[in-house]
Amino acid sequence: MSVVGFAFLVLLSFAASWMLTWVIVKYVRSARLIGVDVHKPDRPRLPKIGGLAFTASYSTVMLLHWLLGGGIVGLVLVVSPLVAAAIGLLEDVRELNPWVKPLLLLLPGIPVLLFSAYIPYPIIPLVGSIRITLLYPLLVLAAYTVVANAVNSVDVLNGSLVLSTLPVLILLAAISWLVGWETPALASLALGASLLGFLRYNWYPARVFSGNIGSNLVAAVITTVAITARLEVVTLVALLPHILNEFFIIVSMGGLKSGKAFAARPIRVVKGMIVSSPRLGDPITLVRLITLQNPMGEAAVSKRIALLSAYSSILALMTYLIGGVRLR
Amino acid sequence: MKTLLALITVAWVSLIGVLIAISTIILPLTQGVESSPTAGLLRVALSLALFAAWLVWLFELALFASLKSRQGRDG
Numbered sequence: 655m656s657v658v659g660f661a662f663l664v665l666l667s668f669a670a671s672w673m674l675t676w677v678i679v680k681y682v683r684s685a686r687l688i689g690v691d692v693h694k695p696d697r698p699r700l701p702k703i704g705g706l707a708f709t710a711s712y713s714t715v716m717l718l719h720w721l722l723g724g725g726i727v728g729l730v731l732v733v734s735p736l737v738a739a740a741i742g743l744l745e746d747v748r749e750l751n752p753w754v755k756p757l758l759l760l761l762p763g764i765p766v767l768l769f770s771a772y773i774p775y776p777i778i779p780l781v782g783s784i785r786i787t788l789l790y791p792l793l794v795l796a797a798y799t800v801v802a803n804a805v806n807s808v809d810v811l812n813g814s815l816v817l818s819t820l821p822v823l824i825l826l827a828a829i830s831w832l833v834g835w836e837t838p839a840l841a842s843l844a845l846g847a848s849l850l851g852f853l854r855y856n857w858y859p860a861r862v863f864s865g866n867i868g869s870n871l872v873a874a875v876i877t878t879v880a881i882t883a884r885l886e887v888v889t890l891v892a893l894l895p896h897i898l899n900e901f902f903i904i905v906s907m908g909g910l911k912s913g914k915a916f917a918a919r920p921i922r923v924v925k926g927m928i929v930s931s932p933r934l935g936d937p938i939t940l941v942r943l944i945t946l947q948n949p950m951g952e953a954a955v956s957k958r959i960a961l962l963s964a965y966s967s968i969l970a971l972m973t974y975l976i977g978g979v980r981l982r
Numbered sequence: 164m165k166t167l168l169a170l171i172t173v174a175w176v177s178l179i180g181v182l183i184a185i186s187t188i189i190l191p192l193t194q195g196v197e198s199s200p201t202a203g204l205l206r207v208a209l210s211l212a213l214f215a216a217w218l219v220w221l222f223e224l225a226l227f228a229s230l231k232s233r234q235g236r237d238g
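These protein sequences, in sequence, are chains A and B.
Be aware that the first sequence starts at 655, since it is given in this note's numbering, and climbs by one per residue.
Be aware that the second sequence starts at 164, since it is given in this note's numbering, and climbs by one per residue.
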């Protein structure tokens, strides 16, 4: 695909996401699709399926790319994220058991396995290519559920999903493009552009939430790009803030539990500022640790999460360079 | 914020340490993977064990962060 065609699809993704998010903000009123913004003093009620907008724009662009010759990798970069988004939408309209959700999130890995869109010889920086033919498919399935939960755990503030994943997507797009994996590079950029369109309405003070549909889609795209572009370890490093956050939550809550069922909250909101909880037993999260010393506004916390993500993406790039730049 | 930047750095440095250990200790120990299935199995098992140790280390980091958080509020 030419650079002009590539740029056209990325711009289309941005514009479509912007417009579709506006439609959701303006027209979604159903009680089942509305959530409360608990970090605002007036607790506004906002549409919680804003992720549907960038799911639609990303999928349309990647479907077009597949029809123009995107191949098997192009197909799984449409199907796997859509499966993950569908599971997220299901969770947005009805509460899922915290043990059922991780099991359901194994499903987006199945198209990757069915279409054999993976090479079971992951390239490990400093080690080289290792052959794990039997183990790799199991790791593929597990990766979707781990990354989806980790990305979802950071989607707690206005703009935090977009700001925490944009550096990862830019890194994956840059390396994929340099190595010659055009389709994963397009997927990363198309999603990044879609997220920017969505951010117009999700930035503080937000008028829409992304919902589980949005965070699941983002996680599934990142995972599929990591698998198809053979950037597994680089992606693991780039997602360190998300993975650490998930660890904090699991450790401090004593296992997989629904946040809604847990009365204790990691933070409080006082006069519009986010304050770390003073109670010893409350869950530990990235946001609680960021606001530990000083109370902060929601936008400032989101910017710090972005900074952490940018930092880990730089470490991920260093990991790639330490491992030796390779060509496809 | 400094604690979190430090945590991420420590997690990354330890991961690089794991990769170096795999490449300099485990791989030379399990030479002959092409001819011996046992050597191949041993290589994968030892590498996974090291990776599991890294995950446990991350878990410990999370515990440390939670302790630090509590001390911060107590102090």
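Rather than coming from a laboratory, the hints here were simulated on the basis of the structure.
Any given hint could turn out to be false.
Distance condition first, Cα-Cα at most 35 Å in a straight line; then the derived DSBU-like pairs of lysine-lysine [stated by the list, open to error]:
no.: 1; chain 1: B; residue 1: 165; chain 2: B; residue 2: 231
no.: 2; chain 1: A; residue 1: 925; chain 2: A; residue 2: 694
no.: 3; chain 1: A; residue 1: 957; chain 2: B; residue 2: 165
no.: 4; chain 1: A; residue 1: 925; chain 2: B; residue 2: 165
no.: 5; chain 1: A; residue 1: 680; chain 2: A; residue 2: 957
no.: 6; chain 1: A; residue 1: 957; chain 2: A; residue 2: 925
no.: 7; chain 1: B; residue 1: 231; chain 2: A; residue 2: 694
no.: 8; chain 1: A; residue 1: 925; chain 2: B; residue 2: 231
no.: 9; chain 1: B; residue 1: 165; chain 2: A; residue 2: 694
no.: 10; chain 1: A; residue 1: 694; chain 2: A; residue 2: 680
no.: 11; chain 1: A; residue 1: 680; chain 2: B; residue 2: 231
no.: 12; chain 1: A; residue 1: 694; chain 2: A; residue 2: 957
no.: 13; chain 1: A; residue 1: 680; chain 2: A; residue 2: 925
The calculated label-pair distances, taken between Cβ atoms and stated as ranges, are [what the hints assert, rightly or not]:
no.: 14; chain 1: B; residue 1: 227; chain 2: A; residue 2: 748; range: 31 to 41 Å
no.: 15; chain 1: B; residue 1: 188; chain 2: A; residue 2: 688; range: 30 to 40 Å
no.: 16; chain 1: A; residue 1: 954; chain 2: B; residue 2: 202; range: 12 to 22 Å
no.: 17; chain 1: B; residue 1: 188; chain 2: A; residue 2: 761; range: 35 to 45 Å
no.: 18; chain 1: B; residue 1: 187; chain 2: A; residue 2: 948; range: 22 to 32 Å
no.: 19; chain 1: A; residue 1: 773; chain 2: B; residue 2: 230; range: 38 to 48 Å
no.: 20; chain 1: A; residue 1: 948; chain 2: B; residue 2: 230; range: 31 to 41 Å
no.: 21; chain 1: B; residue 1: 201; chain 2: A; residue 2: 751; range: 17 to 27 Å
no.: 22; chain 1: B; residue 1: 173; chain 2: A; residue 2: 948; range: 46 to 56 Å
no.: 23; chain 1: A; residue 1: 932; chain 2: B; residue 2: 164; range: 14 to 24 Å
no.: 24; chain 1: A; residue 1: 699; chain 2: B; residue 2: 204; range: 54 to 64 Å
no.: 25; chain 1: A; residue 1: 689; chain 2: B; residue 2: 188; range: 42 to 52 Å
no.: 26; chain 1: B; residue 1: 204; chain 2: A; residue 2: 692; range: 47 to 57 Å
Beta carbons: idealized from backbone N, C-alpha and C, even for Gly.
Taking the hints in turn, this is what the structure says about them:
At most 35 Å may separate the alpha-carbon atoms for a hinted pair to count; residue 165 of chain B and residue 231 of chain B meet this at roughly 12 Å. The hinted pair formed by residue 925 of chain A and residue 694 of chain A meets the criterion: a straight-line CA distance of about 9 Å does not exceed 35 Å. For the suggested pair residue 957 of chain A and residue 165 of chain B, the alpha carbons sit about 15 Å apart, so the restraint of at most 35 Å is met. Of the pairs offered as hints, the one joining residue 925 of chain A and residue 165 of chain B holds, with about 26 Å between alpha carbons and a cut-off of 35 Å not exceeded.
About 27 Å separates the Cα atoms of residue 680 of chain A and residue 957 of chain A, which keeps this hinted pair within 35 Å; it holds. At roughly 20 Å between alpha-carbon atoms, residue 957 of chain A and residue 925 of chain A fall within 35 Å of each other, so this suggested pair holds. With a C-alpha separation of about 28 Å, the suggested pairing of residue 231 of chain B with residue 694 of chain A holds against the 35 Å cut-off. A distance of roughly 26 Å separates the Cα atoms of residue 925 of chain A and residue 231 of chain B; the hinted pair therefore holds under the 35 Å criterion.
Taken as a hint, the residue 165 of chain B and residue 694 of chain A pair is honoured in the structure, with Cα atoms around 27 Å apart against an allowance of 35 Å. Annotation: proposed proximity of residue 694 of chain A to residue 680 of chain A holds, straight-line Cα distance about 20 Å (limit 35 Å). The hinted pair formed by residue 680 of chain A and residue 231 of chain B fails the criterion: a straight-line CA distance of about 44 Å is larger than 35 Å. This hinted pair checks out: residue 694 of chain A and residue 957 of chain A have alpha carbons roughly 17 Å apart, not beyond 35 Å.
Among the hinted pairs, residue 680 of chain A with residue 925 of chain A is consistent with the structure: their alpha-carbon atoms are about 28 Å apart, no more than 35 Å. For the pair residue 227 of chain B and residue 748 of chain A, the beta carbons lie near 37 Å from each other, so the given range of 31 to 41 Å is met. Separation of residue 188 of chain B from residue 688 of chain A is about 56 Å and departs from the stated range, judged on CB atoms against 30 to 40 Å. Look at residue 954 of chain A against residue 202 of chain B: about 54 Å separates their beta carbons, and that is not inside 12 to 22 Å.
Between residue 188 of chain B and residue 761 of chain A the beta carbons are some 38 Å apart, a value that agrees with the proposed interval 35 to 45 Å. Hint check: residue 187 of chain B to residue 948 of chain A, Cβ distance near 44 Å, so the stated range 22 to 32 Å is violated. In this structure the supplied range 38 to 48 Å holds for residue 773 of chain A paired with residue 230 of chain B, their Cβ-Cβ distance being about 42 Å. Between residue 948 of chain A and residue 230 of chain B the Cβ separation comes to about 20 Å, which falls outside the hinted range of 31 to 41 Å.
For the pair residue 201 of chain B and residue 751 of chain A, the beta carbons lie near 42 Å from each other, so the given range of 17 to 27 Å is not met. Restraint check, residue 173 of chain B to residue 948 of chain A: a C-beta distance of roughly 23 Å breaks the suggested window 46 to 56 Å. Range check, residue 932 of chain A to residue 164 of chain B: Cβ separation about 19 Å, and the 14 to 24 Å hint holds. The hinted window of 54 to 64 Å between residue 699 of chain A and residue 204 of chain B holds, with their beta carbons roughly 56 Å apart.
Under the hint 42 to 52 Å, the C-beta atoms of residue 689 of chain A and residue 188 of chain B, about 50 Å apart, fit the expected range. Roughly 51 Å separates the CB atoms of residue 204 of chain B and residue 692 of chain A, a value that falls within the hinted 47 to 57 Å.
In summary, the structure is inconsistent with hints 11, 15, 16, 18, 20, 21 and 22 from the numbered list given earlier, while agreeing with the others.
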